[in-house]
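Residue numbers (full-length UniProt numbering): 1 to 284.
Errors might be hidden in some of the hints.
Said to hold, decoys possible - Under the rule of at most 16 Å between Cα atoms (straight-line distance), these lysine to aspartate or glutamate pairs were calculated in the EDC-like manner:
1. Lys93 to Glu37
2. Lys35 to Glu111
3. Lys20 to Glu111
Claimed, not checked - Computed Cβ-Cβ distance ranges for the label pairs, DEER-style:
4. Lys93 to Thr25: 17 to 25 Å
5. Thr25 to Lys135: 16 to 24 Å
6. Ala21 to Lys120: 49 to 57 Å
7. Glu27 to Ser7: 27 to 35 Å
8. Thr25 to His131: 38 to 46 Å
Derived from the structure by calculation, the hints contain no laboratory data.
Glycine included, every Cβ here is placed at the ideal spot set by N, Cα and C.
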Amino acid sequence: MANDSKSEAMVLAAEIEQAKASISTAEVRCIAAKKMEEAARAAEALALAEIKALLSSESSFEGNTASDGVTLSVEEYFKLCSKACEADENSRKKVEDAMLQVDEATSSESESVKRLEDAKVEVEECKKALHEALKRVEAANHGRLTVEEILRRWKSENRHGKRSIGGSPKFKNAAHCRKDSHTMDIVADVSDRSFKPTLSIGQILSMKLMGPDGDEYDKSVWDDKTSEMPNISLGQILNRSGVLCREDMPARKRISGKRKKFALTGLSVLLAKQSKSKKKRQFF
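Throw the hints in and build the complete structure from the sequences for me.
What follows is the structure, given as structure tokens:
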């Protein structure tokens, strides 16, 4: 639409230039007609002067002869008058034609100027519409960029949230927690009751040296009612072990290799359970 308005404005400008050229041509013609009119008037004046001269010459000739003057025939006089009138009419017609051409050129120029003004107004309206369209496009681009920025932030936040959840100790140790579910149940059961104190290496050795039944260990080393453990030194353990070895030498000779292996296995299992219980207490 803007291109059509521009092309129409260019056509109107060309028409205006053509009208100006025709006006200048009409003005030249008008000037020429005026000059021709002046020439006709001059010819008429000259003809009248010639007539007067002839009349005066005839009158003078007649005066010399009979009277001073020049005599002309009536036909010659009317011929000269008709020529002068024709020249005057021709000059007037030419001037009128030139004036009509000037008026037509002026009217066409005014129409062209009016059409040019209308085209300019239409071009301005097209420019305004184009400016509004550019504003709408700019606003749409701004909104699109804002939405893209919000979406990018949302994606980055979700990505960081997933990383933080995946990197937490709970999810890292999920398999370990599933493996130790039975152990966690035991710990939860034990947490309802009072924690028992851990055993030292000396207490474990004294328990093993006191016998396989563990009655003496249950009575001396661990007491559920008091939750107190006696302090036993390493020397006492060694002395006690020596006495037990001398007293129970015949019985110990009868202990098989399987019994010894079972005792060592029980000791290792007990130590492993104690280490696990320590870790769980530190965790809670």
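Each hint, compared with the structure:
Pair hint Lys93 plus Glu37 holds up; C-alpha atoms about 10 Å apart against a cutoff of 16 Å. Using a Cα cut-off of 16 Å, the hinted pair Lys35 and Glu111 is violated, with the two alpha carbons roughly 31 Å apart. For a cut-off of 16 Å, the pair hint linking Lys20 to Glu111 stands: about 12 Å separates their Cα positions. Evaluation of the 17 to 25 Å hint for Lys93 and Thr25 yields a pass: the beta carbon distance comes to about 18 Å.
Between Thr25 and Lys135 the beta carbons are some 49 Å apart, a value that contradicts the proposed interval 16 to 24 Å. In this structure, Ala21 and Lys120 break the distance hint of 49 to 57 Å, their C-beta atoms being roughly 22 Å apart. The given range of 27 to 35 Å is respected by Glu27 and Ser7, whose C-beta atoms sit roughly 31 Å from each other. At about 43 Å, the CB distance of Thr25 to His131 agrees with the hint of 38 to 46 Å.
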